[in-house]
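Peer 1: Given only the sequences and the hints, what does the whole structure look like? Please build it.
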Amino acid sequence: MNEGRTVAEPEPEERADYAGAVYGSLLAASVVVGASPREEPASPATLIALLLATGFVFWLAHVYARLVGDRRHAVRLSRAEIRSVGRHEWPLVQAMFPPAVAAGLCRLLGLPDSAASWTALVVALCGQVGWSAVAGARSNAPVSLTVLTVVVNLFLGLIIVALKVLLSH
1 MNEGRTVAEP EPEERADYAG AVYGSLLAAS VVVGASPREE PASPATLIAL LLATGFVFWL
61 AHVYARLVGD RRHAVRLSRA EIRSVGRHEW PLVQAMFPPA VAAGLCRLLG LPDSAASWTA
121 LVVALCGQVG WSAVAGARSN APVSLTVLTV VVNLFLGLII VALKVLLSH
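Residue numbering for the sequence shown follows full-length UniProt numbering, beginning at 1 and increasing consecutively.
Where hints are given, some of them may not hold.
[What the hints assert, rightly or not] Cβ-Cβ distance ranges computed for the label pairs, FRET-style:
id, residue 1, residue 2, range
1, E39, L145, 19 to 29 Å
2, P37, A61, 21 to 31 Å
3, R79, G110, 38 to 48 Å
4, L163, L111, 14 to 24 Å
5, V68, G34, 33 to 43 Å
6, A80, L158, 39 to 49 Å
7, L166, G130, 20 to 30 Å
8, V147, I82, 29 to 39 Å
9, A162, L105, 22 to 32 Å
10, E39, A141, 43 to 53 Å
11, S139, E39, 39 to 49 Å
If you're looking for bench data, these hints aren't it; they were derived computationally from the structure. For every residue, glycine included, the Cβ atom is placed at its ideal position computed from N, Cα and C.
Peer 2: Rendered as structure tokens:
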């Protein structure tokens with residue numbers, strides 16, 4: 001009886017997904033750290049490829065999980081719903097672009113691979129902390145909650161930096 005209907009119609013006014021941007025920035029930082037072995041950091045080209053491929057694969061996984069997780073028996077997906085979910089999850093991929101661009105710029109400037117790696121990491125962490133601050137401000141959260149969110153994201157970022165230092169030396 002429910003055939004042809006969707007479980008959730010697309011929202012008429014899509015809201016920005018700051019959670020996806022924060023998560024994507026954290027993921028980008030993790031990719032950079034994972035690509036920095038003890039002896040030689042990844043080249044900027046490798047970092048760029050890893051960042052963009054990881055972002056895209058995680059985006060697909062999030063879209064798939066959300067679409068499958070929302071299913072009810074005998075209800076079909078619509079193209080509109082698939083597009084809506086894809087757009088909603090896209091900030092995860094977008095968060096990969098700034099660190100990838102930073103790595104590319106370091107390459108163009110002739111900087112060593114280690115500088116590209118550190119620059120990409122700092123850019124990813126700035127994105128993570130910055131998007132958490134924007135999310136708090138745009139949600140009209142109390143200043144104390146926004147500050148707490150920024151501090152938690154900064155702490156997560158420092159953990160990632162500590163891992164990079166331990167893996168790099």
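Peer 1: Each hint should be assessed against the structure and marked as holding or not.
Peer 2: Here is what the structure says about each hint:
1. E39 to L145: 19 to 29 Å: violated (43 Å)
2. P37 to A61: 21 to 31 Å: The hint (21 to 31 Å, Cβ to Cβ) holds, given that P37 and A61 are roughly 25 Å apart.
3. R79 to G110: 38 to 48 Å: With Cβ atoms ~47 Å apart, the hint holds.
4. L163 to L111: 14 to 24 Å: Since L163 and L111 have Cβ atoms about 22 Å apart, the given range 14 to 24 Å holds.
5. V68 to G34: 33 to 43 Å: violated (27 Å)
6. A80 to L158: 39 to 49 Å: holds (42 Å)
7. L166 to G130: 20 to 30 Å: holds (25 Å)
8. V147 to I82: 29 to 39 Å: holds (38 Å)
9. A162 to L105: 22 to 32 Å: This hint holds: roughly 25 Å between Cβ atoms.
10. E39 to A141: 43 to 53 Å: The hint (43 to 53 Å, Cβ to Cβ) holds, given that E39 and A141 are roughly 44 Å apart.
11. S139 to E39: 39 to 49 Å: Holds, at about 44 Å.
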